[in-house]
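Numbering that gives the first Met the number 0 applies: residue 0 is where the first sequence begins, and numbers increase by one.
I should point out that these hints are in silico values taken from the structure, not numbers from a laboratory.
It is possible that part of the hints are untrue.
[Claimed, not checked] Below, simulated EDC-like cross-link-like pairs (lysine to aspartate or glutamate); rule was C-alpha separation at most 20 Å, straight line: (1) LYS415 to ASP168; (2) LYS270 to GLU253; (3) LYS50 to GLU67; (4) LYS225 to GLU190; (5) LYS418 to GLU431; (6) LYS33 to GLU153; (7) LYS514 to GLU538; (8) LYS305 to GLU252; (9) LYS270 to GLU252; (10) LYS461 to GLU538; (11) LYS540 to ASP553; (12) LYS270 to ASP296; (13) LYS415 to GLU81; (14) LYS529 to ASP504; (15) LYS305 to ASP168; (16) LYS312 to GLU190.
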Amino acid sequence: MRYSRLLIPTLKEAPAEAQVASHVLLIRSGYMRKVAAGIYSLLPIGLRVVKKIEQILREELIRSGAQEVLLPMVHPAELWIESERFQKYGPELLRLKDRKQADFVMSPTAEEAMCDLVRRDVKSYRQLPLNLFQIQDKFRDEMRPRAGLMRGREFIMKDGYSFHSTVEDAQREYHNMFDAYVRIFKRCGLEFRAVEADTGAIGGSMSHEFQVLAESGEDSIVSCSKCDYAANVEKAELRRQAPAASAPAAAIEEVHTPGKGGITDVVEFLKEPIDQFVKTLVYVADGKSVIALVRGDRDVNELKLKAVIGAEKLELATEKTVFEVTGAPIGFAGPQGRSVPVFADLEVAAIASGITGANKKDYHVRGFHLGRDVPAAKVVDLRVAAGGDNCARCDGGSYRPYRGIEVGHVFFLGIKYSKPMKCNFLDGDGQEKPMVMGCYGIGVTRIAAAAIEQNHDQDGIKWPMALAPFQVEIVTAGKEPELAEVAEKLEQALEQAGVEVLYDDRDERAGGKFKDADLIGIPLRVTVGKRGLAEGKLELKTRGQKEAEWVAIDAVASELQRRVAQALGRA
RNA sequence: CGGGGCGUGGCGCAGCCUGGUAGCGCGUUCGGUUCGGGACCGAAAGGUCGGAGGUUCAAAUCCUCUCGCCCCGACCA
Numbered sequence: 000m001r002y003s004r005l006l007i008p009t010l011k012e013a014p015a016e017a018q019v020a021s022h023v024l025l026i027r028s029g030y031m032r033k034v035a036a037g038i039y040s041l042l043p044i045g046l047r048v049v050k051k052i053e054q055i056l057r058e059e060l061i062r063s064g065a066q067e068v069l070l071p072m073v074h075p076a077e078l079w080i081e082s083e084r085f086q087k088y089g090p091e092l093l094r095l096k097d098r099k100q101a102d103f104v105m106s107p108t109a110e111e112a113m114c115d116l117v118r119r120d121v122k123s124y125r126q127l128p129l130n131l132f133q134i135q136d137k138f139r140d141e142m143r144p145r146a147g148l149m150r151g152r153e154f155i156m157k158d159g160y161s162f163h164s165t166v167e168d169a170q171r172e173y174h175n176m177f178d179a180y181v182r183i184f185k186r187c188g189l190e191f192r193a194v195e196a197d198t199g200a201i202g203g204s205m206s207h208e209f210q211v212l213a214e215s216g217e218d219s220i221v222s223c224s225k226c227d228y229a230a231n232v233e234k235a236e237l238r239r240q241a242p243a244a245s246a247p248a249a250a251i252e253e254v255h256t257p258g259k260g261g262i263t264d265v266v267e268f269l270k271e272p273i274d275q276f277v278k279t280l281v282y283v284a285d286g287k288s289v290i291a292l293v294r295g296d297r298d299v300n301e302l303k304l305k306a307v308i309g310a311e312k313l314e315l316a317t318e319k320t321v322f323e324v325t326g327a328p329i330g331f332a333g334p335q336g337r338s339v340p341v342f343a344d345l346e347v348a349a350i351a352s353g354i355t356g357a358n359k360k361d362y363h364v365r366g367f368h369l370g371r372d373v374p375a376a377k378v379v380d381l382r383v384a385a386g387g388d389n390c391a392r393c394d395g396g397s398y399r400p401y402r403g404i405e406v407g408h409v410f411f412l413g414i415k416y417s418k419p420m421k422c423n424f425l426d427g428d429g430q431e432k433p434m435v436m437g438c439y440g441i442g443v444t445r446i447a448a449a450a451i452e453q454n455h456d457q458d459g460i461k462w463p464m465a466l467a468p469f470q471v472e473i474v475t476a477g478k479e480p481e482l483a484e485v486a487e488k489l490e491q492a493l494e495q496a497g498v499e500v501l502y503d504d505r506d507e508r509a510g511g512k513f514k515d516a517d518l519i520g521i522p523l524r525v526t527v528g529k530r531g532l533a534e535g536k537l538e539l540k541t542r543g544q545k546e547a548e549w550v551a552i553d554a555v556a557s558e559l560q561r562r563v564a565q566a567l568g569r570a
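Starting from the given sequences, assemble the full structure and let the hints guide the process.
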């Protein structure tokens with residue numbers, strides 16, 4: 000492919016709107032352009048990357064027994080009303096009306112549409128199992144789209160759904176898909192972890208996220224230093240070792256802390272270690288107020304709290320409710336003497352002489368002791384796991400913290416959707432039953448962004464071979480016709496050998512071509528220059544490596560072919 | 001949705017506080033010199049200053065409203 004014929008509008012300066020590396024580079028390097036917030040056009044090389052990713056997904060999923068279909072992007076509202084998600088999904092679901100004022104939605108996911116497809120044509124256990132996937136644009140009207148392709152509103156997602164006659168078979172397929180995902184992300188050249196995850200609004204009982212490790216990731220995960228347990232912090236279990244409750248060390252006494260509501264303010268003001276503070280948070284669970292206590296340096300894991308209470312809905316109390324419960328503004332709450340249920344984290348019980356709010360504006364208390372001052376408190380695991388915590392699954396291991404970008408998610412759904420959608424089949428015993436389902440998603444465009452987050456430097460992108468829009472770039476350094484001649488011959492030889500090659504034939508100075516080549520991030524670069532040509536050699540350089548090598552002209556094509564194959568793991 | 005910020009040629013920005021009719025760098029076009037890590041010289045094209053209303057002799061600049069975009073937070077198959 001000739002560079003001069005491609006639209007690759009690179010920019011010398013970073014666009015003002017972009018903050019994270021992948022966003023900056025995708026725009027600077029001419030891969031995409033913004034159309035509206037969270038909505039982008041893919042340019043030629045951007046689309047090539049997406050097609051590469053899609054192809055890997057297709058190959059691995061089909062190899063695993065899944066079949067590709069394509070459902071509509073616009074779904075009739077009836078389907079979403081059937082599953083009750085039309086009401087429950089919230090403003091993220093983009094709703095539209097047609098000319099007859101009938102309701103439709105732009106699909107953010109396709110459980111309903113897929114169930115609808117299957118229930119019409121699949122009636123017997125003999126037709127199961129079935130695993131159907133599609134690669135399609137999705138739309139989610141995010142409150143805050145950000146970071147380019149990482150969290151767009153319109154994005155490309157692979158979503159797959161499997162249908163089974165038994166739970167066991169659905170579980171088998173869950174593991175089958177899990178294995179396929181591992182192969183997929185390995186082939187994409189990504190460093191990732193499969194982590195246990197919360198099932199969220201989609202429901203179900205078993206779930207893993209595939210997280211690409213990157214500092215800029217939105218998710219926090221922990222991974223055991225010793226065993227293979229890894230989990231999203233939303234989900235991560237903690238060792239059930241109740242630290243011994245200590246005896247009270249001091250009498251409770253009020254201290255004046257004018258205007259120091261926030262935990263960091265009080266810590267700074269009182270000059271005590273943060274782990275001697277008790278954070279008191281008021282929540283409303285199914286309409287009733289509760290108090291949750293964690294150490295000052297910890298966070299409440301709301302999922303754990305919800306589970307302990309057995310609540311359907313849980314949210315932080317408003318300022319008004321906090322005042323009703325504590326008699327003080329936010330920032331001065333304490334659990335002592337309150338009439339609502341108190342749930343305390345294990346660590347809070349170990350504090351002998353803590354500091355917490357006095358339930359009085361501008362006052363805290365010292366000498367707080369949970370067992371003495373709030374005897375009715377339930378002591379449970381309530382906090383978010385953090386780096387350094389002991390592993391819940393093995394002895395001696397501890398958690399290492401990572402940031403992750405979620406690129407894939409597998410769910411065991413059970414009959415959450417098949418039941419309300421009446422996606423039933425006739426079993427061998429003559430009984431009609433809802434199908435047991437699994438669902439499996441991969442963010443296609445997000446993979447591109449994640450790959451860049453993991454593979455870039457100051458000069459630009461460093462694509463893994465499998466995702467690069469081209470595998471080799473040829474640059475001529477100079478205008479002599481013999482350089483172009485050699486370059487053209489090499490281009491032909493590589494194309495014949497099945498190597499994807501970009502030939503920069505532009506009438507530009509060598510420096511400019513090199514800069515663009517680094518920016519675009521093609522893994523292998525060949526420079527045709529008169530210095531080397533005089534000796535019958537070409538300069539071969541790997542993106543990201545400092546020194547170049549000189550290879551005899553005749554050997555270059557086969558050498559490149561070999562390296563590409565090697566990088567793709569097919570050597 | 002709460003908080004903060006920004007909208008000025010294609011891109012990055014200055015000008016705004018203290019109103020006087022728009023400027024810089026990059027890019028683009030033309031001519032010339034250059035030619036292996038974003039060259040130089042000379043010419044040129046290109047802007048309803050996000051939009052609407054208001055104040056004023058006069059508005060990019062002041063006021064009101066509105067739209068868009070970015071960041072932090074809350075939220076999230």
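Consistency of the hints with the structure:
For the suggested pair LYS415 and ASP168, the alpha carbons sit about 16 Å apart, so the restraint of at most 20 Å is met. Note on LYS270 and GLU253: the hinted pairing holds, with a Cα-Cα distance of about 16 Å set against a maximum of 20 Å. Between LYS50 and GLU67, the direct Cα distance comes to roughly 15 Å. Compliance with the 20 Å bound is thereby established for this hinted pair. About 18 Å separates the Cα atoms of LYS225 and GLU190, which keeps this hinted pair within 20 Å; it holds.
Simply put, LYS418 and GLU431 have alpha-carbon atoms about 11 Å apart, close enough for the 20 Å limit, and the pair holds. For a cut-off of 20 Å, the pair hint linking LYS33 to GLU153 stands: about 11 Å separates their Cα positions. Only pairs whose Cα atoms come within 20 Å are accepted, and LYS514 paired with GLU538 is accepted, the gap being roughly 16 Å. For a cut-off of 20 Å, the pair hint linking LYS305 to GLU252 is broken: about 32 Å separates their Cα positions.
About 17 Å separates the Cα atoms of LYS270 and GLU252, which keeps this hinted pair within 20 Å; it holds. For a cut-off of 20 Å, the pair hint linking LYS461 to GLU538 stands: about 19 Å separates their Cα positions. Between LYS540 and ASP553 the alpha-carbon distance is near 17 Å, which keeps this suggested pair within the 20 Å criterion. Simply put, LYS270 and ASP296 have alpha-carbon atoms about 14 Å apart, close enough for the 20 Å limit, and the pair holds.
For the suggested pair LYS415 and GLU81, the alpha carbons sit about 12 Å apart, so the restraint of at most 20 Å is met. Proximity of LYS529 to ASP504 is assessed by CA-CA distance (about 16 Å); at most 20 Å being required, the pair is judged to hold. For the hint linking LYS305 to ASP168, the alpha-carbon distance of about 31 Å lies beyond 20 Å, and the restraint is violated. Restraint check for LYS312 and GLU190: not satisfied, since their Cα atoms lie roughly 36 Å apart, outside the 20 Å limit.
Checked against the numbered hints given earlier, the structure breaks hints 8, 15, 16 and satisfies all the rest.
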